[in-house]
Every structure is written in C-alpha cells, then in structure tokens.
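Novice: So the sequence lines, in the order shown, correspond to chains Z and L. Residue numbers are given in full-length UniProt numbering: position 148 of the first sequence equals residue 148, and the series is strictly consecutive. Residue numbers are given in full-length UniProt numbering: position 46 of the second sequence equals residue 46, and the series is strictly consecutive.
Because the hints were derived from the structure by calculation, they are not lab data. Honestly, I wouldn't trust all of these hints.
[Said to hold, decoys possible] Dumping the calculated DMTMM-like pairs for lysine to aspartate or glutamate here, alpha-carbon to alpha-carbon at most 25 Å:
id, chain 1, residue 1, chain 2, residue 2
1, L, Lys-188, Z, Glu-186
2, Z, Lys-152, L, Glu-185
3, Z, Lys-188, L, Glu-204
4, Z, Lys-188, L, Glu-186
5, L, Lys-188, Z, Glu-137
6, L, Lys-152, L, Glu-185
7, Z, Lys-152, L, Asp-208
8, Z, Lys-188, L, Glu-185
9, L, Lys-188, Z, Asp-181
10, L, Lys-188, Z, Glu-145
11, L, Lys-152, Z, Glu-186
12, L, Lys-188, Z, Glu-204
13, Z, Lys-152, L, Glu-223
14, L, Lys-188, Z, Asp-121
15, Z, Lys-188, L, Asp-124
16, Z, Lys-152, L, Glu-127
17, Z, Lys-188, L, Asp-180
18, L, Lys-152, Z, Asp-181
19, Z, Lys-152, Z, Asp-181
[What the hints assert, rightly or not] Some but not every residue of chain L turned toward chain Z, in silico, with C-beta under 10 Å:
id, residue
20, Arg-25
21, Ala-26
22, Thr-28
23, Glu-29
24, Ala-35
25, Ala-39
26, Thr-136
27, Gly-176
28, Asp-179
29, Ala-187
30, Pro-210
Treat the numbers as computed from the prediction; the structure is a model and nothing was measured. We put the CB at the ideal spot given by N, CA and C, even for glycine.
Protein chains: 2
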Amino acid sequence: MKILFHVTRQLSTTDRTTIRRGSARARTERSDLHATLDAGLICHLGLLIDGSPRVLPTGYGRSGDTLYVHGSTGARSLREAAEGVEVCVAVTHLDGIVYARSLFHHSVNFRSAMIHGRARDVTDTDEKLRALRVITEQLAPGSWEHARQPNKRELAATAVIAVDLAEAAVKIRTGGPNDDDEDVEEAKSWAGVLPLRPHWGTPEPSADLPAGFEVPSHVGEREQPA
Amino acid sequence: MKILFHVTRQLSTTDRTTIRRGSARARTERSDLHATLDAGLICHLGLLIDGSPRVLPTGYGRSGDTLYVHGSTGARSLREAAEGVEVCVAVTHLDGIVYARSLFHHSVNFRSAMIHGRARDVTDTDEKLRALRVITEQLAPGSWEHARQPNKRELAATAVIAVDLAEAAVKIRTGGPNDDDEDVEEAKSWAGVLPLRPHWGTPEPSADLPAGFEVPSHVGEREQPA
C-alpha cells in the first residue's frame, strides 16, 4: 500500500520524470498551491512545544503569498508560534480511495499542500483585521459583511500568525491504481476509485433566532466544497 | 472567533465545570477516543526531522489501544518515526460551520483526537500483517479479503509504526453558537450551523478491468462516513 503521501520539501523536477498514470505527483505551479489552499477549510498546524511535536487543527486563510493562521491568545500553541518558531502547515483534501488488485497498491487520491516557515506574530491592527477577514472568507464566506465585526477587546483576545508561502510543496494524486501487470492479467480483484466529497447539509437555525429570520444566501446557498 | 480547537494534552476535569451549551468540550471516555479514531480515514502525523516540525497526512488503523500508522520504508519521515522519536497524531472531523451573530463567536463543530507518544517500529511479521489489516479496514474495509495480500517483498517495503493510546485527548464540539446576550437581543445576524458531511460517490471502475466485472459490495455499498 502506498497510502502515505510522499510530500517533498522542495519542489522536485525529478519527480516529474517518473510520473506513471495515477501516481502521486509533485506540482510546481504556484497556482496549484493557491488552489489547494483556497479549497480547504481547516489546516493542521505543526510546531514544537517543550521539545515535543504538536499538531493542531485550526482555521486559516490566504492573502497573496501569505498564509494566516488564527487562534485564541489563551492557546499556548499560538503564543509559542507567535514567537517566530518554525511551523509546518498541512492542508489535505482526501478525494477518494484507490482500490487496487493488490493491497500493496491500494492508495488514495488527494490534494496536499505543505508549508514550512517561521511564524510571524501579526500585531498591526490593520493587518490583523485583513487577516481575520481572509480567515473568515475561508471558513464562512459572507460572514464578514453579515455578522458583527470584532471590537477592540475581541481583537486583543485573538492571535493571528503569518507564514510566508516561500517554502511549500504541493502533491496531487488522481486516477486509478498502478497495479502490477501480473495482477491485472489475473483479474481476480476489482480495481478503481471510490470518490469522496464533502457536502454542506441543510442549515440548522439557532433556536433563539426571531421567528421568520430567513437563512441568508451566503449560508443557504453556500457553494459545495471543491 | 474560536475556530482554533483547544486541545488539552491531559484530560481535564476543570474543563467539565465550565461547559456551556455548544462549547468545545474535552471527553474523558476512552470510548469517545475510539469512536473518533474509528470514524476517520486519514490522520496527520507530526514529528521532528532535523529539528524542524513536519506534518504528514497518512493512513492509520487501531487495534485495541494501539494506533498503527503506515508508509513506505523509502519515506524518511517514517524511518525517523520508527527510531522511537516522539510523535503527535491528529485525527480531525470537521462536522460543520457555526455561524454566530459576531465574528468572534464564529466557530466550527468537530470531533478531534490527539495522540502523543513514542513511535515503535513494527518489525515482527505477524504484528505487521495484523497492523496492515487494521489500516486496510480503516481506509478500505473489505479489501483485505478481496485483494491480493502483501508478499514478502511488499511487506519489506512497507513501514509500520505503533503508538500506544496512553496519552490522548479528545475534544468534541456540537451545537449552535455561544453568542453574547447583546448580540442575540439585537438580532441583526443569522445564527446557526451549516453541517458538513463527507459522502462516497459512484465507484469509478478501472479501464483495464475485464468487461462485466461487477463492483463488489464492499466498494459499491460502502457505508457513508460517520
């Protein structure tokens, strides 16, 4: 099985010379990085705390070639990250299960972005507001205009870190299994892909909303995830 | 906004004393840990390589209170992890977006498991086969019986690490927003939850399957993700 995603730290050109149908491949286009990030909802932030690795799921957003990650100032991980420590941010889309004739060639289709860098604490109020806006657009597009924007106290209670998209890797796997020829010829097992897609369900209004408060279109007609 | 998941390293009892409706809460039941892990498809494995944090999406499985994570022996991260280094494994389900009256109280509903421990290299052939079986059951249930099982060469090319579920934290957030009273009274913005669920699509058979090869039930009738 090759269900570990092989993520290279540097964008590799040799990888391109060995692409087989359906293989995971490194993408070297910045547009692939942006598209993979923009299609996500949460990231996994990796950093060291007291010498131990920590992985935290959290919200993020992108502005140009800057990634913003946010959290509470009460969360120790974000306070640590704000001190300029090294971080690794992963955004992963699981697009399907690849069923092969052999278990060894079972795999998954995915889009994966991996960012390495040092976190910068966002302290400038204007940048912090811009960052919170792109983080909001990522998780809840339309809410920045619709909901009450953060006041001074709330802003102070929110930590935002920035990571440059300077060192990043993107890997995308699509297509069917790469079975061994003998297994294909034996034809004993089914082979193919079972696609996986996230879907928004029906909005569930809060019980304490005034009667007749309609679901706004940015929620009720939210575009399905890519 | 409280879209950072507050994951405590130790299961906390004081957390229980401050639960509000809809708040993220630490779960102290081992059954919650098992259920959160068993419902997942991939994990994010965090570890240190050359002093830098690395986060890798990969397949996993659970057997009792042991978590198995697998990959290629060619992948440096797994070779490093096999040397007994500290790892952090995160399994995250994003269950919905929580729209609040204020951006500050925007949140997400989620189930999150976080495992801390030292990786143990699985070298015993019997344990490795058992581990690969549970990893297969997690990602592609039914394939262990249906597809060709790994031969010696393939087994040797597959690395498996084990992590005890001794130090683990589970957090689950459900329900609607925790808005400030003034915002609820003003009633200017919609509030509620937009649920998110992954769905299996229609199986896509490999082009090189013999004509008439039917989709087996473990693929075509696979249970939708929880």
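Novice: All hints are to be evaluated individually against the structure, with a verdict given for each.
Specialist: Hint by hint, here is what the structure shows:
1. Restraint check: the Cα-Cα separation between Lys-188 (chain L) and Glu-186 (chain Z) comes to about 65 Å, which exceeds 25 Å; the hinted pair is violated.
2. The suggested pairing of Lys-152 (chain Z) with Glu-185 (chain L) holds, with an alpha-carbon distance near 21 Å, which does not exceed 25 Å.
3. Under the criterion of a C-alpha separation no larger than 25 Å, the hint pairing Lys-188 (chain Z) with Glu-204 (chain L) is consistent with the structure, at around 17 Å.
4. The suggested pairing of Lys-188 (chain Z) with Glu-186 (chain L) is violated, with an alpha-carbon distance near 65 Å, which exceeds 25 Å.
5. At roughly 20 Å between alpha-carbon atoms, Lys-188 (chain L) and Glu-137 (chain Z) fall within 25 Å of each other, so this suggested pair holds.
6. At most 25 Å may separate the alpha-carbon atoms for a hinted pair to count; Lys-152 (chain L) and Glu-185 (chain L) exceed this at roughly 67 Å.
7. As the CA atoms of Lys-152 (chain Z) and Asp-208 (chain L) are separated by approximately 62 Å, the hinted pair breaks the 25 Å bound.
8. Between Lys-188 (chain Z) and Glu-185 (chain L) the alpha-carbon distance is near 65 Å, which puts this suggested pair outside the 25 Å criterion.
9. Only pairs whose Cα atoms come within 25 Å are accepted, and Lys-188 (chain L) paired with Asp-181 (chain Z) is rejected, the gap being roughly 63 Å.
10. Using a Cα cut-off of 25 Å, the hinted pair Lys-188 (chain L) and Glu-145 (chain Z) holds, with the two alpha carbons roughly 12 Å apart.
11. Restraint check for Lys-152 (chain L) and Glu-186 (chain Z): satisfied, since their Cα atoms lie roughly 19 Å apart, inside the 25 Å limit.
12. The suggested pairing of Lys-188 (chain L) with Glu-204 (chain Z) holds, with an alpha-carbon distance near 17 Å, which does not exceed 25 Å.
13. The hinted pair formed by Lys-152 (chain Z) and Glu-223 (chain L) fails the criterion: a straight-line CA distance of about 47 Å is larger than 25 Å.
14. For the hint pairing Lys-188 (chain L) with Asp-121 (chain Z), the CA-to-CA distance comes to about 33 Å; that exceeds 25 Å, so the pair is violated.
15. Between Lys-188 (chain Z) and Asp-124 (chain L), the direct Cα distance comes to roughly 29 Å. Violation of the 25 Å bound is thereby established for this hinted pair.
16. A hinted pair counts as satisfied when its Cα atoms are at most 25 Å apart, and Lys-152 (chain Z) with Glu-127 (chain L) does not qualify at roughly 56 Å.
17. With a CA separation close to 61 Å, the supplied pair Lys-188 (chain Z) and Asp-180 (chain L) exceeds the 25 Å bound.
18. Between Lys-152 (chain L) and Asp-181 (chain Z) the alpha-carbon distance is near 18 Å, which keeps this suggested pair within the 25 Å criterion.
19. Distance hint between Lys-152 (chain Z) and Asp-181 (chain Z) is unfulfilled; the C-alpha atoms sit about 64 Å from each other, more than 25 Å.
20. The beta carbon of Arg-25 (chain L) comes no nearer than 16 Å to any beta carbon in chain Z, farther than 10 Å, and the hint placing it at the interface is violated.
21. At its closest, the beta carbon of Ala-26 (chain L) sits 14 Å from a beta carbon of chain Z; the interface hint therefore is violated under the 10 Å criterion.
22. Look at Thr-28 (chain L): its Cβ only gets to about 20 Å from chain Z, farther than 10 Å, so that hint breaks.
23. Below 10 Å, beta-carbon pairs count as interface contacts, and Glu-29 (chain L) has none with chain Z, the closest being about 21 Å; its hint is therefore violated.
24. About 17 Å separates the beta-carbon of Ala-35 (chain L) from the nearest beta-carbon of chain Z, more than 10 Å, and the hint is not met.
25. Below 10 Å, beta-carbon pairs count as interface contacts, and Ala-39 (chain L) has none with chain Z, the closest being about 13 Å; its hint is therefore violated.
26. Interface restraint check: Thr-136 (chain L) against chain Z, minimum CB-CB distance 6 Å, threshold 10 Å, status holds.
27. The interface hint given for Gly-176 (chain L) holds, since its Cβ lies 4 Å from the closest Cβ of chain Z, which is under the 10 Å cut-off.
28. At its closest, the beta carbon of Asp-179 (chain L) sits 8 Å from a beta carbon of chain Z; the interface hint therefore holds under the 10 Å criterion.
29. Hint status for Ala-187 (chain L): holds, given a least beta-carbon distance of 5 Å to chain Z, under 10 Å.
30. With a cut of 10 Å, the hint placing Pro-210 (chain L) at the interface with chain Z holds, because the nearest CB-to-CB distance is about 5 Å.
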